[in-house]
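Using the sequences provided together with the hints, build the complete structure.
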Amino acid sequence: MNAIAHALPTTAATSASTGALTIRGLSKAYPLKGKPVPVLEGIDLDIQPGEFVSILGASGCGKSTLLRLIVGLDQDYQGQILLDRQPVHGPGLERGIVFQDHRLFPWMTLQQNIALALKNHEMPATQKDRLVAEHIALVGLSGYEQAYPHQLSGGMAQRAAIARALVNKPKVLLLDEPLGALDALTRVRLQQELQRIWVQERCTVIMVTHDIEEALYLGDRVIVMDAHPGRIREDLRIDLPHPRERDSQVLHGYKQRLLGELVGH
Amino acid sequence: MKLHDLRGLVLPLLLLGAWEYASRQDAAGAFAFVPLTQVGSAWVELLGSGELLINLWASLVRTCTGLAVGIVGGIGLGALMALSAPANRLIAPLFHALRQVPMLGWIPLIALWLGNGESAKLLIVSLAALYPMVLNTFESLRQVEGQHREAARVLMLSRWQQLWLILLPAALPGIAAGVLQALAFAWVTSVGSELFLSSGAGLGSLMMNAEAAARMEIIVVCVLCIGLSGYLMSWLCTLLTRRLLRWRPNR
Chain F
114 MNAIAHALPT TAATSASTGA LTIRGLSKAY PLKGKPVPVL EGIDLDIQPG EFVSILGASG
174 CGKSTLLRLI VGLDQDYQGQ ILLDRQPVHG PGLERGIVFQ DHRLFPWMTL QQNIALALKN
234 HEMPATQKDR LVAEHIALVG LSGYEQAYPH QLSGGMAQRA AIARALVNKP KVLLLDEPLG
294 ALDALTRVRL QQELQRIWVQ ERCTVIMVTH DIEEALYLGD RVIVMDAHPG RIREDLRIDL
354 PHPRERDSQV LHGYKQRLLG ELVGH
Chain X
1172 MKLHDLRGLV LPLLLLGAWE YASRQDAAGA FAFVPLTQVG SAWVELLGSG ELLINLWASL
1232 VRTCTGLAVG IVGGIGLGAL MALSAPANRL IAPLFHALRQ VPMLGWIPLI ALWLGNGESA
1292 KLLIVSLAAL YPMVLNTFES LRQVEGQHRE AARVLMLSRW QQLWLILLPA ALPGIAAGVL
1352 QALAFAWVTS VGSELFLSSG AGLGSLMMNA EAAARMEIIV VCVLCIGLSG YLMSWLCTLL
1412 TRRLLRWRPN R
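So the protein sequences, as listed, match chains F and X. Quick note: the first sequence uses our numbering, first residue 114, plus one each step. Quick note: the second sequence uses our numbering, first residue 1172, plus one each step.
One or more of the hints may lead you astray.
Unchecked claim - Residues from chain X that face chain F, not an exhaustive set, calculated with beta carbons under 10 Å:
1. 1293
2. 1294
3. 1322
4. 1325
5. 1341
6. 1343
In short, the hints are calculated from the structure, not lab data. Cβ coordinates follow ideal geometry from the N, Cα and C atoms, glycine included.
Below you can see the structure in the form of structure tokens.
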């Protein structure tokens, strides 16, 4: 009994900066006509608390599958996924996810959609209302609280989805091509927004994308993946402070290099 | 009201004209197609004596009660079958076999069990409303998109919360379509059961009595009442549905 009681303060002390993700020997295969087809093979990854990691790769490299495994929607894999040294079992509120399609519930208003994420939190209703309002303001949607998803533009719906994922204060935010379905201008604007939000919230972010510029502009690290089976080809560290300038020479240099690698010479 | 809204009235008016024309041909025509003036005075007479309202009210109350029972039971049974594979395997064969028996086919059996009173009629109306509710609830719950289910899992909603907050609202358009069908079936079987189990009040009983007394004009009044009330009820139901489904984009 005493041993447990003594152990508690130390775990509390180390949780000062949480959101460290460790992936060890992760492999995943889907059965196809009775035979297993590998989608991910031997993934090893260490992500520091508060880091923004972009995962870049062509379609079919298993990058979205990787996020589904981390968020816990698919538990059929080999290897280990540890969040702050604890194995991940199924979905959990300490991991939030934003998909390419916003996945708001069409029968709920923006406010109700975001409040739903707080449904099972034990806190007074006034505090929930305040949190919801804060996060609607964070993504710049104040004034649209009562709008239904079909009344929002694609970019606005995606902002709402980001607010819904953030309102739980997750340790890790997973973004699965969150801006992939948006038009070019909205996309650039939301990239800036994402950067601002991340600088403000400082949670660990893993963003999957196939847009080289986006990966470089936002990521502290860019993980480049190969396909068939999905594996890590390169782990690139981008040592530029945030917020960044989009037309930075450093980023441009990296972009040329990655383009050459991914598209071929 | 715009002109094109009135176009729905053209055919009924033409029909009325043809009816009146037929009634003026000869004595046989006048018997089969009672003149409209006679129908009108029967209407006034029945309204004045309160007979029409009492019988209409009895039919309406029975329809609504049976509909309510059918909706609640149908959503419950449909949801159970959609969400639990063992329950579906157990219930589905029996349900689909019983469903093949036409509603009127149950009347002799139910009359033997429950007599020809109100409870027998109520059971028939409830059963008629139950079938479309079970089918629509089952189908629309089965078709809820996997994306919604996943989002609910990521938000850590419990099974009950998933049912109440995600699955049932997502299935609501299909369930509402079921209610509209159930309403039509309930109304038809409510009047129909009165024709076969003619005791107590109801438009069907009123018609049977009028037939026995060879009062053609009362039968016509009843038929008009049945048609108009059914039309009004489904119109109200559509309005209610639109209100409940206002979150859907206008198409």
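Here is what the structure says about each hint:
no.: 1; hint: 1293; in the structure: violated, 33 Å
no.: 2; hint: 1294; in the structure: violated, 34 Å
no.: 3; hint: 1322; in the structure: holds, 4 Å
no.: 4; hint: 1325; in the structure: holds, 5 Å
no.: 5; hint: 1341; in the structure: holds, 7 Å
no.: 6; hint: 1343; in the structure: holds, 7 Å
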